[in-house]
Each structure stands twice: as structure tokens, then as C-alpha cells.
Amino acid sequence: MKRFFYTILLFFITLYATAQEKFTISGYIKDKASGETLVGATIGVIDSSGRGTTTNVYGFYSLTLPAGTYKMLIDYVGYQNSAFELTLDKDIQYNIDLVSASDILEEVVITGTRTDENVKSTQMGTVDLPTDRIKSIPALMGEVDIIKALQLLPGVQAAGEGNSGIYVRGGGPDQNLVLLDDAIVYNTGHLFGFFSVFNADAVKNTTLIKGGMPASYGGRISSVIDVTMKEGNNKKLSFEGGIGLISSRFTLEGPIRKDKSSFLISGRRTYAFDLAQPFIKKTDFAGTNYNFYDLNLKWNYIFSRKDRLFVSGYFGRDVFVYNSEKSATEVKIPWGNATTTVRWNHLFNDKLFMNTSFIFNNYKFKFQGTQEDFSFEALSGVRDFNLKFSLDYFLNPKNKFKFGYDYTFHTFTPTTASARSGETEFKSNQIPKHANEMAWFVQHEWDISTRVRFDYGVRVSLFQHVGPYTEYIGGVVAPDTIITPTLKPLKTYIYPEPRMNLRIGIDDVSSVKIGLSFNTQYVHLISSSNSTLPTDVWVPSTARVKPQLGLQYAIGYFRNFKDNMYEASVEAYYKEMWNQIEYGESYVQELNSDIELGYVFGRGRSYGLELFVKKSQGKLNGWIGYTWSKTQRTFPDLNDGKTFPAKYDRTHDISINVAYDLNEHWSFGGTWVYATGNAFTLPVERYFIELGIVTGYGERNAYRLPSYHRMDLSVTWKPNRKPEKRFKSSYNFSIYNVYNRKNTYFIYYKIEGDPVSGDLNTKAIKVSIFPIIPSITWNFKF
Amino acid sequence: MRNILFLLSIIAISILLLTSCETEITVDLPDPEPKIVVEGHVENGLPPYVILTKNQPFFGGLDLNNIGDYFIHGARIWVSDGTDSVKLVEYTRDILYALPDSVAIAIAAEFGLDIDSVEEFPDIAIYSVPFNKLFLGEVGKTYSLRVKVEGKTLTASTTIPPLVFFDSLFVVPHPNPDNDTLVRLKGRIKDPDLPGNYYRYFTKANSGSWLTDFGTVFDDAFINGQSFDIQIPKGTDLSEKDDVDFDPETYGFWNKTDTCYVRLASIDKPHYDFWRTLETERANQGSPFGSATVVLSNIYGKGGIGIWGGYGSSYSVYVPR
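Chains A and B, in that order, are what the protein sequence lines are.
Heads up: the first sequence begins at 34 in my numbering, then just goes up one per residue.
Heads up: the second sequence begins at 7 in my numbering, then just goes up one per residue.
No lab work stands behind these hints: they were computed from the structure.
One or more hints might be untrue.
Unchecked claim - Have a look at the derived ranges for each label pair, beta carbon to beta carbon:
# : chain 1 : residue 1 : chain 2 : residue 2 : range
1 : B       : P183      : A       : E723      : 35 to 43 Å
2 : B       : D37       : A       : I537      : 15 to 23 Å
3 : A       : H742      : B       : T32       : 19 to 27 Å
4 : B       : L35       : A       : D540      : 31 to 39 Å
5 : B       : R82       : A       : I527      : 58 to 66 Å
6 : A       : S451      : B       : T187      : 20 to 28 Å
7 : A       : R577      : B       : R327      : 53 to 61 Å
We put the CB at the ideal spot given by N, CA and C, even for glycine.
Turn these sequences into a full structure, and let the hints steer you where they fit.
Below is the structure:
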């Protein structure tokens, strides 16, 4: 390892020696009105050299150029472009403010992304979605949902009707690295996945990386969903909120010391079932309720130009309470995530940017039930302490480096149960598992020439299942235990993970990109059902459960048309996955046996083609995405060892998203999605045991549900307002499933008639859950 | 309590049903590969018996009046306890012809059949020990089964584990005072010290038939070596699955005046796994969150499924005062 770093150091020195007299311009790019830093904004020289850079996830940029005078252009989606002239004869620190298009009312602003970012960057399969764009997409019950917005992109599929789980390029929901301000979010859904845990009002930006993951990310084999929270307006106090059919939101943000320190508090809570309470009260089920809430907090302090401190937190809970007086039953099920991030950004000099984050996160699921004198409690969850350290080194416009180290201490609590019946107490012998996860990474973004750019890196990851742990061996015959003391490793895995992306420019408007990435995943969430449920338990890699490995190759052709008015791309990918996990065919959930004993292991493979056309400028904008793909699995213990389609397999997937801004009062949005029906296993036979009917199943996932399609529309109306008033409001009307398509949520089998009278028959019934659903939301801001 | 997921899915379904809509769809399937379904048991103090039936397409009609069509005749079956072995003989309805109608009707009722005369009795086949041979199940022994039928050879093996007895049976009143005619039956049991005990229970009220329920097996993973009380819900006639009443107010409760019979059978692990997966499969039917559970058969040989299970049964009774 040491030798490797020396080599790199030597490389720097060589580069220095060949350099002419150069200076650096660096700083933050921010929103003018709120002081919020902008992620992924581009700054470049207006000439043919293509010299330029983008802000990192903390909004910082650094560009080193030979002395001279330059015309610079700054660009960011949804913001007015800004240009200025720069005479570079010394190092300059310069913060740039951009004006948001939504803050300009007088005229319709033509907004757009960096004209040719699509073609010029090496990034493949990467999409940045600013929250403002997401808000123009029609939403189920008016709940703006950033995860559901991602589902409209090619290569990304919804886990099910109305579900906020996503499958990326044939990967499972647990194979996505979901980050909220650097903290891993282990459970992304509320209400059984119908809504995601991200309150759009508190979110600044969402980045999805579905292929060619940079070395700074790891631990999952499918994708990265990196969500950054707003920092809080450091110019003025503002309050915004919304009242919808099922929930309300509010966000308060403002400066503590202007331009120095700011805060943000954002909350959301559902009340649909609270409203039903008066009706429930009169029934036997008085006290039964369901709600969820989210709370996002952020505080930041700018100590100096060189040091910034951020503290952010997220806390969310779903609470279900079931009461039945008649059967003397009381059940309470709370679950949810809590995350805390403390982040310190430090500038050693204009070229060297440091980020250090301490992160704590905790996902917990609890079940408490009592019936008469019998009581039962079950608990499961995962808790992490995490340190992240990284350095961005902006050597010159052609070379950018990033180094870093991640460390996480995990504690996984399997479903530990205890019960009491009268005076007798029972306890399951399930004990938590602990693990160390570490990674070292280095990556180099290298502009070899104006046409060729090469980004490459390596991540070395290590995972250890460590004590304290008690292993039960010998089974029934000779029960025995092996006790491992605290922090002593039981099993260690190390993998180098190479990553690379290459761009070859063909001309000014088109390029070819090639990507390769190898990823490991040491924590797993295996679901026996079609969607993820709060009861699904995260488990670490152990001696029995090996790390999941994924190797992805991708190639793409990118081209812009009509002076960058239209962006288009074709990407093909091929992915091999090892040590994939499923439940055994006869698995039955049992509280007292280690869940990993129910797993079986095998291989996966996915390949596909993605077409994407996007228009991001003008009154009418939007995109069309189409994906053709195939995802298969081969497990010795499933389907008699024969290859079968994974439940994530979708042959065709089409998404169309359109937004139209008519004028300052009216804007419209529409989406249409189509997907091949889910693969599922059909019962094919039945037989009698004790004169009761038993069902036997056919080949695994050999059958398809009817195809899924749906159209949603929305209209946003901003009433007239006096320009001097700060109060702004808008009404959003949306219709989910406009043509009332009865999409299949699940199928069940109904046995009708009486076997004795001889007219018994079995029918397959499909259940659709969301018919046409209109909704209205009132949003305000002052 | 064993399955939180199941409860949660009920909750989720009830939420979903507020907006849901159902439509029938048609499924075109080829007929399944024909299989021999074995249902055989050996119990302490009783002769072993085996029933062989055929599997049927899932989406097909079913008429219990023709239940005889599902039975398989003419099989050759051997049972061995390691030292002694016996070839089973086939008993068909022919032997009922020798009996008075009233007895035949009573036997039919035991199978859940409502008939008026022996002629209506279906053409079933039960394989058991010949009349002239004494071969009874014994605790601690291992029994192997060999079936030759329709060109297939199927084998299986099971044991009769030691008996475990209820220390006592007792009743507690219904929690709702309005239901003072109903009681809950409980039994106190002392689990043996070594882990790895598996149980199945059956219940009978008064002079009725022995009945099972939706969850009839349990193991001692939770309660190894302890003395504890379990609830014993009154059994349900599973052949009338459609009519089962899930009213939590009455489900599983006994009448105050019932004489409650409980049969507690010790079973071995494969036997337990069979019932455990079978009952899970039944419970998952119709749940959107459930998955297809493959029932774990302990029958070996191509084209054979089912169970060959030993029971170490102890019997207890609660008589109301």
C-alpha cells in the first residue's frame, strides 16, 4: 500500500515539474437567494479547449489554468447561466451566485444544463435530479417522491405498484446504496413502501449512479442514490409548506448569523388515519391507528473560507397500532430510521479540499403485542458508526484526484424475541452480530486530450465479522458453543475493486463511453416477498454468507442535437453477479433459528439496452426512456438447478415524462409508464393431505403478470400576487392513473363451491389497488 | 406469534382493500406431471396405514362425490421396523359390504362423507397390516416404507419419538364477559431437557372426530426443558376450508360444556418439517407478501410426494365440572 502512494506522489512531482506558471480559481457556487451550495454545477472557459470543472458534492470547485484572461461560463440545471471575464494572474478565491429560474417571475426563462455535459463527461449511467424538476412530476396522492421520480429513468424499475423500492439494471432493492447526507438509509419506505422517506422540501439534490460507480462509493453492487439535504437559507428566514390529502409538510430555514451560519427544520406527518379516528372510536377497534412522520434538521457554520461545519439529522417513524377490545388484543409496531451526520470541510489550499464526516445511523423495527396474559415482543435492526475521510486534489484542469478512507462499525440485531405467558418467560437465543467494514480508495480523473478522458480508480474493501459472538454447534446431539470475544475477527474478506470509465469524443456533439466496475457488497437484505417490508432484516456477511460480487461492463454512445437542445444516448450493459442470495424454497420464518440458515446461494446475470432522449430546454421539456433487459438467476437449490428469471426481470420498460410551463400561472406535467409484467411462480397442482387441499407450484418465475401501464397528469396553478408581498402559494392538482388501468398488484386463488356437492372450482383473481386517484395539494412559501 | 409477517400482511391488505379492485383472470396451464401422493402414518400401539392418491391440476374442478377417482389401487407396499417387516394389504369398500349400512355410514362420516347406503361409499383404498398379522407401532423404533406402483418405486423412513404428556388441562374464561358460554383450553407441558422435540396436536370435542387446525405443530426451540402452558384451540374441519370462521371472538374457543380430548403426538424433524411447510403454504395462499412455499416431502423416488410419519401419541382429556 505504502509503495502505491509513493508512486502516486512521484507522479504529482513529475506533473509539477512540467507545469508552466499557473494559477487557481476556486470557491463555492451557490444559490443567490438562499446561499445554498449547488452540487454538480459546471464552470468552464468559453473556448474550444473544453477546460472546465464541476462542483463536488459539497458545492466546491477548483480550476487551475495558465495565467491569462478568460471568459467563464457557469451553468446549472434550473438556474440562469452566468458569465464573467476573469484575469488570472494570481490565485483567486471566488464564490459565484446563480439565480434560480423559479425566482424570476417576469419572464419565462429558458433554463438548461451545461450545454454539452452529456457528451463531455465520462460519467455513464449517472443522472442528477434537482428537486425542483422532481416537483413537476405528477405524484400519487400529491406526495412528491424523489425515489419514484428516479423510477422514470431508463434502467430503473419500480418494485411494484405505487412502491418506492427500485430495481436498477437487474439488481435487488438491497443492492442500491442509498445515502442521505453521507449516511446510509437502510429502509427507504414508509407505509409498506408506498412512500419514500425523503421529504422533498428538505432535499437539495439527488444523484443516481447506475453504472460506472466511482471508487469513492462502494458496499453495494447495483447503484448509488446520493441524496443531499438543503443547508438552510443563510440570507433570510423563510417558511414553506404544503397541505395535502394524506399529509402536511413544513420547512423553516434561515440564517443564525447572516452568511455565516444557517439552519433548516423540516417535518412531514400523515394524518389520513387520524381523520378516521372518530369513526374507529365507535367500533371494537378503537385506538387502531397508523401514521408516519419525518423530521429533517440541518445546521451549518462557516468558520472561515477554509473551514465549514455541518450537522444534519434525519428521524423518521412509522407507527401502527392495532386494538381489538373483543379479543383483548393490542399490537404496536413502530419502525424507522435515525441518522446523524457531522461533516467538516477544510481547504488546505486552493487545490486541496478535505471532507471528514462522522455518521451514526440506526434502523429499528419493533413489535409489541399482548393478548390477555400473553405478551410478545420482537426487535430487529441495524446500527452503524461510520467515519469517512476524503481529499479532493484539483491538480490542474486535466488532472483531478480523490483519496479516501471509510470505516464503519456495524451492529446487526436479528429478530430477537421474548414472550411472557402468565409467569413463564421465554427468550430467543438470537444475538446481535458485529462487523468492521473498511475501504481505501483512490481515483484519478484524467483529461488525456480534448477528445479523450479517462477516469480510473481502485477501492480496496475489507469486511470482518467480529465478536462478541456465540456460535451454537453440534446441533441437537451434542450442543456446544464457541464464544468469540469482543472485536476478535471470526471471518475476514478483502477485495480490490477496480473501476474505470473512458470517454472518446468523436466530434463536438457526440462521444463514445466505456465503463467497467467491480463491486462488493457485505450486507444483505433478503426479502421473501415482492417488495421490501419493515420486517425484512439486514444481515452481514459471515462465514456462511459470502459477500455479493458484481462485475459490470457498459458501453454507450452519446449525442446532442440542435445546438444541444436535445440529448440522446444509447447504453448497453452486461452484469455478472456472484453469491446472490434467496430464501430456500421451503423456508419458513422461525424466530429462533438464525435467518442465514434459510438462505441459498447462486449466480445472477443481467444485460440490457437503454435508450434515452431528453429535452431540457424550453417551455416544453422532458424525456423518453426505453429499456430492454434480461435478468436471470441460477441457484443449485432452486428450480431444480435450472436458470430462472429473477423477480427483477422486466423485458420492456418505457417511461415518458413531460413538463410544460405555459406561463407564470400555469404549468403542466405528465408521465406515462409501461413495463412487462412481473415474473411469478404459479401453482400448477393440488393434492389431498388429511382431506385438506395442498398446493404444488410450477417452475420458478415462469409466468408473467399482465403488463403494467399508467398515465398521470398534473396542473400547477400560481395565483396572481402582488410583487411586494413575500407570500407565494400554488395549487397542485394531480390525477394518478388517468385512464383507470387496473394494474395487477397481486394474484390470489379463490376456491369456490363445495367439493361435496361437486361444483368446486379454483379461480385466479387479480387485485388492483390504485384506481384513478385525483388529489390536490396547496403549497406556500414566505 | 410465529409469524409477524403474516399479521403485518393482514394489516397491509386491510389498508389496501380500501381502494382495491378484483378481477378474474384466466390462466392456461398444461396438466402437471402425474405424481403419487403418499399419506402414511405409524403410531404407537396402532398398525401402520398408507393412502395413495393422485395429484390434480390446480385450476380444475373438484368433486368429492368422485373422490374414489383420486385413490390409487393395486400398489405393493412394505413396512419394516428393522427386524420385522410386513407387506400391507389393500382394504377397499368391498369390506364395507359385509357391514350393516349404519356402521358403513358412520365410517363414511369419519371421512367427512354424507352417504345413505354402502353403494354410495367411494371407491377408496387404504393399505394396512393384514388381519392375521400383529404389527404395531412402538416408541423408539424406526420404520421404513417401500411403495411400488405404476412403475414407480418410492421409499421413506420415520421414527416414533418418546411420548410427552400434558401435566394437566384446564380452562380459562373468555376475556369478553358477554361470551360466558365459551372458554379457552390450556395445557401444561414439561418439555424434555434435550433440545430437538417436535410436537403435533389434535383435538376432539365430545364424541366428534379428531380435528386439526391451521397451525398444529410446534417445536421446543423457545421452551426447551421448561414447563409451560400452551393454548389449545379447538380444531377446525379443514376439508370445509371455505366455511371456516375467522371471527377472533369465537375462533379456537371451546364450549363451556365440551369434554375436551387432546392428542399430543411427538414427531421427528422431517415429519415436523412436512407439517410446518404445509401449514405455511396454506397460510400464504392469497397473501401478496407471501411466497410460494414448497412443501417438504419425506418421500424419496421420482414422481412421489407426501409424508410417511410416525406419531408418539399421548391422550389427555378435560371434563367440565
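Each hint tested on the structure:
1. B:P183 to A:E723: 35 to 43 Å: About 36 Å separates the Cβ atoms of B:P183 and A:E723, which means 35 to 43 Å holds.
2. B:D37 to A:I537: 15 to 23 Å: violated (57 Å)
3. A:H742 to B:T32: 19 to 27 Å: With Cβ atoms ~20 Å apart, the hint holds.
4. B:L35 to A:D540: 31 to 39 Å: Given range 31 to 39 Å: violated, Cβ gap about 55 Å.
5. B:R82 to A:I527: 58 to 66 Å: Holds - the Cβ-Cβ distance for B:R82 and A:I527, about 59 Å, lies within 58 to 66 Å.
6. A:S451 to B:T187: 20 to 28 Å: The hinted range 20 to 28 Å is violated for A:S451 and B:T187, with Cβ atoms some 34 Å apart.
7. A:R577 to B:R327: 53 to 61 Å: At 54 Å between Cβs, range holds.
Hint compliance for this structure: hints 2, 4 and 6 are broken, all remaining hints hold.
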